[in-house]
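Enquirer: Sequence:
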Amino acid sequence: MNGFRKGLFATIIAIAFPLAQADAAGSTFDGAWNVRISSSSETCGNGSTVSIGINNGQIASSSAAVTASGRVADAGSINVTLSTGIKRAVGFGRLSGTSGSGTWRGAMCTGTWTAERM
Numbered sequence: 000m001n002g003f004r005k006g007l008f009a010t011i012i013a014i015a016f017p018l019a020q021a022d023a024a025g026s027t028f029d030g031a032w033n034v035r036i037s038s039s040s041e042t043c044g045n046g047s048t049v050s051i052g053i054n055n056g057q058i059a060s061s062s063a064a065v066t067a068s069g070r071v072a073d074a075g076s077i078n079v080t081l082s083t084g085i086k087r088a089v090g091f092g093r094l095s096g097t098s099g100s101g102t103w104r105g106a107m108c109t110g111t112w113t114a115e116r117m
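Residues in the sequence shown are numbered consecutively from 0, following numbering that gives the first Met the number 0.
Simulated from the structure, these hints should not be mistaken for lab results. Yeah, the Cβ is synthetic: ideal placement off N, Cα and C, and Gly gets one too. One thing to keep in mind: the hints can contain errors.
[As the list claims (entries may be wrong)] The following label-pair restraints were derived from C-beta to C-beta distances:
1) Gly96 with Thr42: 27 to 37 Å
2) Ala72 with Thr42: 25 to 35 Å
3) Met107 with Asn55: 14 to 24 Å
4) Arg35 with Ser68: 25 to 35 Å
5) Ser39 with Ser82: 35 to 45 Å
6) Glu41 with Gly96: 13 to 23 Å
7) Thr111 with Ser82: 25 to 35 Å
8) Ser82 with Thr113: 30 to 40 Å
9) Ala106 with Ser26: 30 to 40 Å
10) Thr97 with Thr42: 28 to 38 Å
11) Ile85 with Ser26: 29 to 39 Å
12) Cys108 with Ser26: 26 to 36 Å
13) Thr113 with Thr83: 17 to 27 Å
14) Thr109 with Ala64: 13 to 23 Å
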C-alpha cells in the first residue's frame, strides 16, 4: 500500500506542476489595458477606446458600457469579444510586453485595434 501512495502522489505532482506553470505564464499580461479601436469605414465609427482588465489570462471589461470577454494565451495570442447592447465584435491578435495589436470584425464592419498596458 505504501508503494501505491507514493505512485499516486507522484502522479498528482506530475499533473499539477505543468498546470501551475501554465497559470503563471498566462498571468504575464495581467493588469489594466487601454484598447484603441479603428475601422476602415467611417460609417462604422473610428477612434473608440475601451478599457479592459486581464486576470489570470481571462479578459473582462472595466466599463459598464462595454462587456468584454475572452482569453490571452501564454505566448500572448488574444481572442476577445466586445459587446454593447445588440452590437458585438470579435477581435484577434497578440500582446507582447506592454503593447499589442490585431484585427476585429463585427456584423457589418471590420478594423484594427492597438493596446497599451496602463
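Enquirer: Would you mind marking each hint as holding or not holding in the structure?
Expert: Going down the list of hints, with the structure as the test:
1. Taking 27 to 37 Å as the suggested C-beta distance range, the pair Gly96 and Thr42 conforms, at roughly 34 Å.
2. A beta carbon spacing of about 33 Å between Ala72 and Thr42 agrees with the range 25 to 35 Å that was offered as a hint.
3. Separation of Met107 from Asn55 is about 34 Å and departs from the stated range, judged on CB atoms against 14 to 24 Å.
4. Taken as a hint, the range 25 to 35 Å is violated for the pair Arg35 and Ser68, whose Cβ atoms sit roughly 19 Å apart.
5. For Ser39 and Ser82, the Cβ-Cβ distance of about 21 Å falls outside the hinted range of 35 to 45 Å, so the restraint is violated.
6. Judged by the Cβ atoms, the range 13 to 23 Å given for Glu41 and Gly96 is violated: they are separated by roughly 32 Å.
7. At roughly 19 Å, the beta-carbon separation of Thr111 and Ser82 lies outside the given 25 to 35 Å, and the hint is violated.
8. For the pair Ser82 and Thr113, the beta carbons lie near 20 Å from each other, so the given range of 30 to 40 Å is not met.
9. The given range of 30 to 40 Å is respected by Ala106 and Ser26, whose C-beta atoms sit roughly 33 Å from each other.
10. Checked against the hint of 28 to 38 Å, the C-beta distance between Thr97 and Thr42 comes to roughly 33 Å, which is consistent with it.
11. Range check, Ile85 to Ser26: Cβ separation about 33 Å, and the 29 to 39 Å hint holds.
12. For the hinted restraint 26 to 36 Å between Cys108 and Ser26, the CB-CB distance of approximately 32 Å keeps it satisfied.
13. Distance hint check for Thr113 and Thr83: the Cβ-Cβ separation is about 20 Å, which falls inside the suggested range of 17 to 27 Å.
14. At about 22 Å, the CB distance of Thr109 to Ala64 agrees with the hint of 13 to 23 Å.
Violation of the numbered hints given earlier is confined to hints 3, 4, 5, 6, 7, 8; the remaining hints are satisfied by the structure.
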